[in-house]
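Read top to bottom, the protein sequences are chains S and F.
Residue numbering for the first sequence follows numbering that gives the first Met the number 0, beginning at 0 and increasing consecutively.
Residue numbering for the second sequence follows numbering that gives the first Met the number 0, beginning at 0 and increasing consecutively.
Any given hint could be a false lead.
DEER-style ranges, computed between Cβ atoms [said to hold, decoys possible]:
{"hint": "1", "chain 1": "S", "residue 1": "120", "chain 2": "F", "residue 2": "269", "range": "24 to 34 Å"}
{"hint": "2", "chain 1": "F", "residue 1": "135", "chain 2": "S", "residue 2": "41", "range": "37 to 47 Å"}
{"hint": "3", "chain 1": "F", "residue 1": "165", "chain 2": "S", "residue 2": "275", "range": "30 to 40 Å"}
{"hint": "4", "chain 1": "S", "residue 1": "196", "chain 2": "F", "residue 2": "25", "range": "35 to 45 Å"}
{"hint": "5", "chain 1": "F", "residue 1": "300", "chain 2": "S", "residue 2": "204", "range": "46 to 56 Å"}
{"hint": "6", "chain 1": "F", "residue 1": "31", "chain 2": "S", "residue 2": "204", "range": "36 to 46 Å"}
{"hint": "7", "chain 1": "F", "residue 1": "108", "chain 2": "S", "residue 2": "101", "range": "28 to 38 Å"}
{"hint": "8", "chain 1": "S", "residue 1": "230", "chain 2": "F", "residue 2": "135", "range": "56 to 66 Å"}
{"hint": "9", "chain 1": "S", "residue 1": "120", "chain 2": "F", "residue 2": "68", "range": "29 to 39 Å"}
{"hint": "10", "chain 1": "S", "residue 1": "196", "chain 2": "F", "residue 2": "126", "range": "26 to 36 Å"}
{"hint": "11", "chain 1": "S", "residue 1": "196", "chain 2": "F", "residue 2": "108", "range": "16 to 26 Å"}
Incomplete in silico selection of chain S near chain F, CB under 10 Å [to be verified]:
{"hint": "12", "residue": "179"}
{"hint": "13", "residue": "184"}
{"hint": "14", "residue": "188"}
Note that these hints are calculated values from the structure, not bench results.
Note that this is a predicted model, so its numbers are computed, not measured.
Cβ atoms here follow ideal geometry from the backbone N, Cα and C, with glycine treated the same way.
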Amino acid sequence: MSAAPLVGPLPEEDFAGRRARRWPSPWHFLLMPLSLLMLTPLVWMLITAVSTPDEARQFPPALPKSIQWSNFADVWTGSPFGHWLINTAIVSTVVVMSNLVLCSLAGYAFARVRFRGSGLAFMLLLTTLMVPFQVVLIPTLLIVKSFGLIDHLGALIVPNLVTAFGVFMMRQFFVALPPDLEEAARIDGASRLGVFLKILVPLMGPPLATLAILTFLSIWNDFLWPLVAIQSPENMTMQLGLSTFQGAHQTDWTLLMAATLMSQLPVIVLFLAGQRVFVRSIASSGIK
Amino acid sequence: MAPIVLEGLRKVYPGKQNVVALEGLDLTVEDGELVAFVGPSGCGKSTVLRCVAGLEKLTAGRVLIGGKEVQELPPGKRDIAMVFQSYALYPHLTVYKNLAFPLKERHVPRARLDAEVRRVAEMLELTQLLRRRPGQLSGGQRQRVAMGRALVREPRAFLLDEPLSNLDAKLRTQMRLEIAEVHRRSGITSIYVTHDQVEAMTLGQRIVVMRDGRLQQAGPPAQVYENPINLFVAGFLGTPSMNMVPGRVIRGVLSAGPLRLVAPGAPDGDVILGIRPEALSPDHQGNDRLTLSVTVSHVEALGNENLVHARIRDTLEGAKPLVFRSPPRFTPRSDEVVRVRVDPTQLLVFDQKTEARVILAGPVAADDDRHTVA
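Start from the sequences and build out the full structure, keeping to the hints where you can.
Now the structure itself:
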């Protein structure tokens with residue numbers, strides 16, 4: 000009986016465990032119809048946005064005879080859409096930036112700095128996460144009003160400068176980070192702020208990306224708070240502005256869908272550009 | 000370079016249980032000396048290091064480095080360097096920047112910083128790796144970078160917290176030699192914490208054995224190994240551990256299992272006879288009071304020697320199994336009865352109740368039957 004050669008191609012079954020996932024897998028048969036289902040409202044919105052009002056009323060929706068690009072122009076010229084876009088961009092940018100700075104500092108303090116009452120303060124912070132926004136809507140409105148910020152972009156920015164969720168998320172990141180790096184930097188002569196800026200900030204990419212994405216989405220898509228705090232059309236944000244296309248008796252669905260599509264374009268572009276980071280960030284945050 | 004003086008160190012972690020991590024620790028690490036702290040997990044050895052480094056605030060006591068009290072100073076002001084078990088290399092910085100970090104934080108001029116980094120990199124053979132990041136290095140290379148970062152600014156004291164425990168056995172031996180060499184060349188006063196007694200014995204000019212936050216014994220490795228002050232130190236040092244056979248002393252004669260020994264000056268009472276594995280050797284012909292019949296459990300063949308695990312045949316109640324070293328040719332089968340001879344000059348006697356070493360008035364010898372054991 001001859002011995003098996005020591006060197007040679009591995010038998011086929013040796014690769015079985017390592018074989019790359021092949022298409023299609025049984026999962027694809029489940030996921031593809033689900034994806035189509037999820038895509039339906041988006042496609043419908045796209046079709047309506049480029050249809051005439053008569054075509055838009057058809058059910059089931061059908062492709063328009065000719066693409067009505069004029070709907071987009073009508074939205075732009077017939078409403079302060081540019082204002083809404085700029086307002087939303089300003090509010091989103093300021094809120095995202097302030098959350099990145101303040102939530103990470105507060106999260107670091109809760110995770111690493113021992114001070115009297117820190118546990119109680121953190122518990123109080125957590126309890127605010129469990130209260131629905133509708134409950135604190137009126138108190139928040141009264142506070143913002145006392146600041147004289149009603150019908151001002153500041154009303155949308157100030158209450159969101161730091162969020163309990165952001166502080167909690169960043170604290171969890173710091174708690175999970177082994178303290179050795181910070182201790183080593185302190186022994187090497189860095190101050191507490193120096194440790195934070197020179198050692199921790201460069202390591203905070205993934206949680207900061209998650210926080211930025213989630214904060215941006217929540218602010219960009221926020222409707223209820225702007226509805227309460229803003230009255231003037233020129234101070235409205237995108238989502239609030241979209242509601243003006245809906246009348247009590249009649250709605251121009253083509254313009255509404257065109258405006259909605261335009262409002263979602265930055266989010267869609269952002270998603271397509273950073274799809275991988277986006278999915279990973281949300282998966283790693285343990286939320287959906 | 001500076002001596003480190005620890006005076007009455009006490010550390011209590013406040014809480015419901017008030018865990019005492021350190022109690023009354025006094026020790027002086029001489030200028031340029033390397034002292035190795037060793038002990039089981041939770042014995043307080045790392046706490047000592049963290050208190051010296053300033054990472055833990057002392058409950059009581061003083062720490063003097065170079066004659067200066069430092070216990071109230073923050074870590075960065077103590078002029079110490081520390082190597083962590085995890086190496087704690089900054090993952091976003093290159094090896095060069097990792098090495099340069101302590102100098103940069105002390106605002107060392109750029110030209111001197113560069114020269115110092117390159118000197119240390121040369122010494123630790125890291126020159127080719129300066130542009131890499133820690134994630135691109137092997138375990139041994141990371142360990143050397145961690146050493147380099149600690150050495151680069153020539154601190155007054157050097158603290159090492161289990162720096163080799165993440166390495167494989169072969170690399171650990173190699174790095175142990177490198178640490179010894181680095182210490183010899185730098186001459187920096189060092190405290191080395193490890194749970195590995197081989198590391199402690201081979202690296203430390205003195206070793207300090209800790210247990211439950213208290214110093215058990217400090218001294219040169221060979222001295223502590225040969226003259227442990229209590230059962231814990233005796234059992235902790237040595238691989239395999241010391242064999243411990245319960246016995247009894249009556250009128251100066253120690254009986255432990257079949258052994259009958261004269262233990263001059265030993266008070267009457269229950270004792271533990273400590274027998275190092277190397278104090279036992281196979282002896283087929285032996286038939287006196289220093290020879291034991293043992294039943295072999297199993298044999299561990301290490302190549303250069305065998306470790307034979309066995310049980311004393313007519314043991315007292317509570318006697319533990321024995322282990323002894325033998326030449327590689329000696330390979331008894333399981334359940335085979337063999338005879339082993341005890342070297343009386345290497346025996347130690349401990350009080351069974353207090354676990355303290357019983358200091359004898361003279362060497363242990365075989366009882367020549369002049370004495371009668373009750």
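So, going through the hints one by one against the coordinates:
The hinted window of 24 to 34 Å between residue 120 of chain S and residue 269 of chain F is violated, with their beta carbons roughly 58 Å apart. Look at residue 135 of chain F against residue 41 of chain S: about 43 Å separates their beta carbons, and that is inside 37 to 47 Å. Separated by about 32 Å at the C-beta atoms, residue 165 of chain F and residue 275 of chain S satisfy the suggested range of 30 to 40 Å. Checked against the hint of 35 to 45 Å, the pair residue 196 of chain S and residue 25 of chain F passes, with Cβ atoms roughly 40 Å apart.
The hint said 46 to 56 Å for the Cβ distance between residue 300 of chain F and residue 204 of chain S, and at roughly 52 Å that hint holds. For residue 31 of chain F and residue 204 of chain S, the Cβ-Cβ distance of about 44 Å falls inside the hinted range of 36 to 46 Å, so the restraint holds. At about 37 Å, the CB distance of residue 108 of chain F to residue 101 of chain S agrees with the hint of 28 to 38 Å. Separated by about 58 Å at the C-beta atoms, residue 230 of chain S and residue 135 of chain F satisfy the suggested range of 56 to 66 Å.
At roughly 35 Å, the beta-carbon separation of residue 120 of chain S and residue 68 of chain F lies within the given 29 to 39 Å, and the hint holds. The hint said 26 to 36 Å for the Cβ distance between residue 196 of chain S and residue 126 of chain F, and at roughly 30 Å that hint holds. For the pair residue 196 of chain S and residue 108 of chain F, the beta carbons lie near 22 Å from each other, so the given range of 16 to 26 Å is met. Because the beta carbon of residue 179 of chain S sits about 4 Å from the nearest beta carbon in chain F, less than 10 Å, this interface hint is met.
A least Cβ separation of about 7 Å between residue 184 of chain S and chain F falls short of the 10 Å threshold, and the interface hint therefore holds. Here the hint on residue 188 of chain S is kept, as its CB sits about 4 Å from the closest CB of chain F, short of 10 Å.
The structure does not agree with numbered hint 1 stated previously, though it agrees with all others.
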